[in-house]
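Student: All chains, please: the whole structure from these sequences, using the hints.
There are 2 protein chains.
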Amino acid sequence: MSSISIIGLGTMTRAIAARAVEGGNAVEVIGRDAAKAKDLAAELGGSATAGTFATTPVGDLVFLAVPYASAVPIVAQYGDALAGKVIIDITNTSNPDATGLVTPDDTSGAQEIAKAAPASAHVVKAFNTVFGHILAQGGPLDVLLAGDDMQAKTSVSTLIETLGLRPLDAGGLEVARWLEGAGLVMISLARHGVGNFNFSLGVDLVG
Amino acid sequence: MSSISIIGLGTMTRAIAARAVEGGNAVEVIGRDAAKAKDLAAELGGSATAGTFATTPVGDLVFLAVPYASAVPIVAQYGDALAGKVIIDITNTSNPDATGLVTPDDTSGAQEIAKAAPASAHVVKAFNTVFGHILAQGGPLDVLLAGDDMQAKTSVSTLIETLGLRPLDAGGLEVARWLEGAGLVMISLARHGVGNFNFSLGVDLVG
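Read top to bottom, the protein sequences are chains A and B.
Quick note on numbering that gives the first Met the number 0: the first sequence kicks off at 0 and runs consecutively.
Quick note on numbering that gives the first Met the number 0: the second sequence kicks off at 0 and runs consecutively.
No wet-lab data here; the hints were simulated from the structure.
For clarity, every value in this text was computed on a predicted model and none was experimentally measured.
Some hints here could point you the wrong way.
Once the Cα atoms are required to be at most 20 Å apart in a straight line, the calculated SDA-like pairs of lysine to any residue come out as [stated by the list, open to error]:
{"no.": "1", "chain 1": "B", "residue 1": "114", "chain 2": "A", "residue 2": "98"}
{"no.": "2", "chain 1": "B", "residue 1": "35", "chain 2": "B", "residue 2": "22"}
{"no.": "3", "chain 1": "A", "residue 1": "114", "chain 2": "B", "residue 2": "98"}
Residues from chain B that face chain A, not an exhaustive set, calculated with beta carbons under 7 Å [as the list claims (entries may be wrong)]:
{"no.": "4", "residue": "186"}
{"no.": "5", "residue": "189"}
{"no.": "6", "residue": "194"}
{"no.": "7", "residue": "201"}
Just so you know, even glycine gets a beta-carbon here, dropped at the ideal spot from N, CA and C.
Tutor: Structure below.
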C-alpha cells in the first residue's frame, strides 16, 4: 500500500485516483479550488481525502497532474513542502500541433521540475504515455517511467502495479525527454487515425 | 505486390527481406560487397535478387538499412539514382548510451536523408522502433511510420501489411525525430531489464 497525493483535479487525477483507491492505497487529491477537491474526494470514496493546496502533502508519492505550463511554478510555490517526496511528473510537453516539445532541446519537463524541486525530492517521469480516458476505462496498460533514483522508481513501480498496470523502466531522467517525445507520438498517432484515440502505447513481450 | 530494394546486408535486411519474399513482393538486396549480396539473395530464395551498389535500384521502395552514419553519404553517392523513389529510412539515431540522439536538435535522421536525396524522392521513416531479431522471429508487430507524402506513406503501409505487420501513421516527417526518440526508448527499456530484449513497441487498441 502506498500513500499518494495528487495535485490537480482533471481527467488524469480522476483516473489515477480511482484506480489507486481500488488498489488499496491512501489517496489525497489537491487543487487550488478546495471545494472541488472535497467533492472529488467524496466522489472517489474509500480512502480518498482532500488536501490543502501549497501545504505539505500527506502522500510520500506526489503526482503533478497539472498542465506542464503550471507544473514548474507549482513546484516552486510548494518549495520545501515537497522535501523528501517522490514527485511523479505525468505532464505532456508537446506543443499544440504535436510536432515538437515546448521545452528547450537540452532538457525535459521532468528535468525542469527536478531543478525547481527541493534537493531531497526525487522526480520520476511516468504516465505521460497513457491517455486519461483510456486509463479511466480500466484494464491493464503499460506505464513507461524514467528517473535517477532507483528507490523512488521502485516505489512508483510498486504503486503502478497496485493500479493494475505494468511499470516499464525506461532509464534515467535524461530519458524523460524521449518519453515526452513518445507522448507526442501518441497524440500524433491518434490525430492520424490510429484507433480513433482508443489505444495505449506499450510493449508486447515476444519470444 | 511491391517491388523493393534494400541497401545494406545486416540483420534488419535479412528480417525484412525474408518477410517481403514470403509476402509475394519482388526483393532486391544491395551491398558494397557484391558477393555477399549475391549469397544473401540465394539464401532468401524466391523472388530475391542481388543489385549493384550505387546504381539505380530496381525497387520503387528503397530501404536504407545501414547505420545512420553511413546513410546520408550513401544517399549522396546514389544521387539521381534515387530520383522518384520512396526511400524508407529505418535508421536508429541513438547515441551509444541510449540517452540522446546524434542528430542536431532541430532535425532528424530522416530529415537529413531527405535533404541529401533528389527532390523527386520521398522519405518515409519506419521500422526503427522494431528490433531486427524480433522482426526475424515472425509474428505480428506494429510499425510506426512518418512522412510528408501521403502516397508514399500509403505505398509503405501496403508493403508493411504484406509483411504481416500493422502500419501506424505517426504523422509528417517532422515527427521522425520523436520516432527516433521512441527507438532510443526501446533500446533503453531493453537495457533496463524489460523483456530481456524480447519485446516490441506498439499500441493496444482498447475500448
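Student: Are the hints correct? Go through all of them and say.
Tutor: Quick rundown of the hints versus the structure:
1. B:114 / A:98: Holds, because 19 Å separates the two Cα atoms, which is no more than 20 Å.
2. B:35 / B:22: Violated: residue 35 of chain B and residue 22 of chain B sit about 23 Å apart, past 20 Å.
3. A:114 / B:98: holds, 19 Å
4. 186: Residue 186 of chain B check fails; min Cβ-Cβ to chain A is 9 Å, beyond 7 Å.
5. 189: violated, 10 Å
6. 194: holds, 5 Å
7. 201: holds, 6 Å
In the structure shown, a violation is registered for the earlier hints numbered 2, 4, 5, in ascending order.
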